[in-house]
Structures are given as structure tokens and as C-alpha cells.
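Let's have the full structure, built from the sequences with the hints guiding it.
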Amino acid sequence: MDVMPLLLLVAGSAAIAAAARRTSVPAPLVLVAAGLAVSYLPGVPDYALDPHIVLPLILPPLLYTAATESSYLDLRAQLRPVALLSVGYVLFATFAVGWILYLLVPALPLTAALVFGAVVAPPDAVAATAVARRVGLPSRITTVLQGESLLNDATAITAFRVALAAAVGEGTTWAGGIADFLIAAVGGVVCGLVLMAPLHWLRTHVREPLLQNTLSLLIPFVAYASAEQVHASGVIAVVVVALYLGHRAWEVDFATRLQEEAVWKMVAFVLESAVFALIGLQLPVVLRGLGEHEGFASAWYALVVFVVVVVVRFLWVYPATWLPPMLSARIREREGRPGWKSPFVVAWAGMRGVVSLAIAFSIPVTAADEDFPHRNLLLFLTFTTVIGTLVVQGLTLPPLIRALKLPGRDAQTETLAEANAQAQASRVAEQRLDELLSDERNALPAPLADRLRSVLERRRNAVWERLGQVNPVTGESVDDTYRRLAREMISAEREVFVRLRDGRYIDDEMLRTLLRRLDLEEAAAHRETT
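Using this note's numbering, you'd call the opening residue of the sequence shown number 943 and step up by one each time.
Everything labelled a hint here was simulated from the structure, so no lab data went into it.
Only a predicted model underlies this, so the values are computations on that prediction, with no experimental measurement involved.
Virtual Cβ for every residue (Gly too), placed ideally from N, Cα, C.
Among the clues, some could well be false.
[To be verified] Taking CB as the label site, the calculated pair distances span:
{"#": "1", "residue 1": "1249", "residue 2": "1147", "range": "50 to 56 Å"}
{"#": "2", "residue 1": "1052", "residue 2": "1275", "range": "40 to 46 Å"}
{"#": "3", "residue 1": "1315", "residue 2": "1462", "range": "54 to 60 Å"}
{"#": "4", "residue 1": "1143", "residue 2": "967", "range": "43 to 49 Å"}
{"#": "5", "residue 1": "1167", "residue 2": "1366", "range": "41 to 47 Å"}
{"#": "6", "residue 1": "1193", "residue 2": "967", "range": "37 to 43 Å"}
{"#": "7", "residue 1": "1132", "residue 2": "1278", "range": "35 to 41 Å"}
{"#": "8", "residue 1": "1136", "residue 2": "1281", "range": "38 to 44 Å"}
This is the structure we're talking about:
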């Protein structure tokens, strides 16, 4: 097996992504453009997307890292718009795009057109969140886009399988297709619910950080494979497990969290970079297979499909945003009347990505192309739609957001909330310290006790002299007692932060910032006494 092309892909895409971070252009667009350019160079091997690799091996870790960084509470608060986009919009786009293509391409069966509709229906998780982070979208829009991108792949893959079965004559009925869809969705949720508690138990009871991080790397693949084994949605299972583990991440050992964050950032960076480079590198494969469809007709089809994909999202997003408040007084009182700017951004942020290409390449083929009509044309249209949305919408989304002058995150309010949370946690931690120091088993020299208080007050690092005394009651060294009290104090703060998050006084992003600060301080306290 020649591993050199794979090594070149990973190394080249990582280098390009790193260079792209120094520019104002989003890295996904630079990677796609680089892939397109490199695909023309002589001697470059074919990098054909294999759905048997992309779906079970690349999609689960990307979904997992995106879901663990999402907020379960925020997603629950935005459940209606997320569901309308991740389920309703995907099904609507499947039928709308499929119907238009059926009318557009002569001799294309409706079932085959619906297969294509399912292929291009789901916006890409990585592209949407990457642009959202880069331009600083309001938190509600970011949550909606993240939630949609986490779940829409499951809807699209299930719709694709149902439409494909009908297209190749496996006798699937509409009722059977709906039943398959519900079974896959419910089964994915059930699999996630069954797996999440045991996996969390393992994460909190395995004390070796390296083993815990190894387990963390295996979790998305275990969840995906387990669900797919029982014909449920592996995507939904991964998302359910990841949301639960992310919500309960504060219960895991601090060393694990620090290592895990670094590991998953590296994994996500490598996979995202390679995925977008792979999109551009598909050009020779797609063009070579176009064959009889080469010429003006295929270019015309590509332009029409791109416009339809963009327009269909607007046709869904605005009614889905405006109708609920119009029909429900409770929603109106809670959310107010939505304007036109936020829905416009959500509608325009519909970039397609590698999942669409991977699904398209999984369309069956025979030597005579008998099983699936116009397969090569559908691959070409998928490729042009993905490239078109990434380039056109990806490039124009940042200036569009700036032009609309959407209110971003209120830094002053967030800073005030963080200060209040830190003040509450510090008061509780200081009370806990006083309680512990009143017990002779926790006796500490005054300088060390003062240092513990100074950490709460000023959050600074200082060098303190350690005395090698042994506690006559517990037999602990001063260092051991210091570390234990530091852990107790930090644990008290951590519990307050989580309680404030659960009460919605601070959001999950702020919780992660505060917890990381405590993790670093706990690591520093451990390091200073070893």
C-alpha cells in the first residue's frame, strides 16, 4: 500500500491551512482552491473520495468534536429552529431540488432526481461553523447553524438511502420510506442514550489521562458503528453521546481535559484541512467520468442547480422563522418578532461540503451504468454545487455580515457575567478553605494558607517556599496537604460555575473558559509541589 499520497495530502493541507490563517480568507476556501489547482499538476495521483472511509472514519470524529464544543442547553433552547432546519429543510430541499432537476434533465427518473436532492440537501458542518467563528456571528445564529449541521447529515443520509432503494427498484414505498426514516432517527437517539452513561462512567473512573484520551478518540467510532450495526443513524448516536459528554466534561479529571482539548484540536485541524483539500482534488475524477454529458448542457444544469439550491434555502428559512411567532403568542412573547437580517444570514450560510460528495460517490454503478441513470452527471452536479456554495457563499458571507451590522456578542456584558461568576465562586472557595483549615488534619504553615487565598484574590502565579514538614495527624507532607486543599478549593469553584451554567447565568462557552482557567491552576499547583 502506497502511503505517500496520504502523507502528502495531510502534510500539504495542514501547511496550506496554517498559511491561510494569516490571511482574511477562510481556510476552507483556500484549501478548496489549492486542491483545485493541485489537481491540474502532472503526476498528482487521483484522490477519489471513498464513502466507506469518509462516512464511518472521517465524519464521526468531526461531528464529535463539533458537538462536544456545542452547548446542550443552548441547543435545547433553540430546538425548534434547529429541528426545522436539520429535518424539515433537508426533506424540503430533497424534494424541491429533486423535482426541479427532474424537470430540467431529459430522461432522468424522478427517483434518481430525488437521490440527488438528498445528496445536496445538507449544509456542511465544518464550513458553517468555521465561517461563523471567523466572523463572530451572534450567539443565537451560531447555535442554530451548529445545531443544524450536527443533525442534518443524519436526515440526508437516511433520505438518500430511501430514495436510492426506490431508484434501483427495491420496492420501497412512501410508507416504508417514512418508517425507515423514523426507525433510523429514533434508533440513533436510543443508541446514543444507551451508550452515553457507560462511556461517561468510564471517562470518570479511568484515572490514567493517556488511557482516558485513548478512550476519547474511540468514542465517536464506537457510537457510530454501534448504531449502524442495528440499522440506526450513527450520526445521531455520535451527536447524542458527544452532547452528553461535553455537558458533563467538568466531572473528568483536569489532566484529561487539558490533554483532550489539545488532542481533539489537532485531530479536527488535520481532518478539516484534509477534507477541504480533498474536495478540490476531486475535479479530475469527476470530469473524467462526465463522458457524454460534457459540454454546454452540463454547465447549464450546474448553474441552474446552484441557483435552485440557494433559492430553496431562502424559501424555507423565512417562513420557518416568521410563521411560528405569527401563530403562537407564547413564542412572540418569549422571542419577539424576528427581523429579516438574521434569517438572511442563516439562509446564505448554506455551504455544502464533503458529506454531499461522499454520499454522491456511494451511488452504485455498473459497467453499463444500468443500475443508476446519469450517475456521472449527478456526481458532476454535486461537485459544482459544493464548489459553488463554498466559493460564492463562503467568500461573501463575512462582508455580508459586516454590511448587515448584526449585533455581535456583547463583550462588556459577558465580562461582567464572568466577573460575577468568578466572585461567587471565589467566595464559596474561600469559605471552603476556612472550613478545611479549621480542621487540624489540614494544618498548613501560614505562608501556604495565605498563598491559597492569594490565588483566589489575584489569580496569579507566585513562587512559595515549600517546607518538608509532615502532618502529625494524617501523615501527609506539606506538599500533599497543599495539593489536596488546592484541589478542594478549585472543586468548589468548579461546582459553582457549573451551577451557574445550569441556571443559565453564564453560557457554555464562558463555562469552558472558566474551567480551563481552573484546570491550568490545578495543573500549576500540582507541578509546583512535585
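A quick look at each hint next to the structure:
1. 1249 to 1147: 50 to 56 Å: 54 Å, holds
2. 1052 to 1275: 40 to 46 Å: For residue 1052 and residue 1275 the Cβ distance comes to about 44 Å; the hint holds.
3. 1315 to 1462: 54 to 60 Å: Since the Cβ atoms of residue 1315 and residue 1462 sit about 59 Å apart, the hinted range of 54 to 60 Å holds.
4. 1143 to 967: 43 to 49 Å: 44 Å, holds
5. 1167 to 1366: 41 to 47 Å: About 43 Å separates the Cβ atoms of residue 1167 and residue 1366, which means 41 to 47 Å holds.
6. 1193 to 967: 37 to 43 Å: 40 Å, holds
7. 1132 to 1278: 35 to 41 Å: 36 Å, holds
8. 1136 to 1281: 38 to 44 Å: 42 Å, holds
Checked against the numbered hints given earlier, the structure satisfies every one of them.
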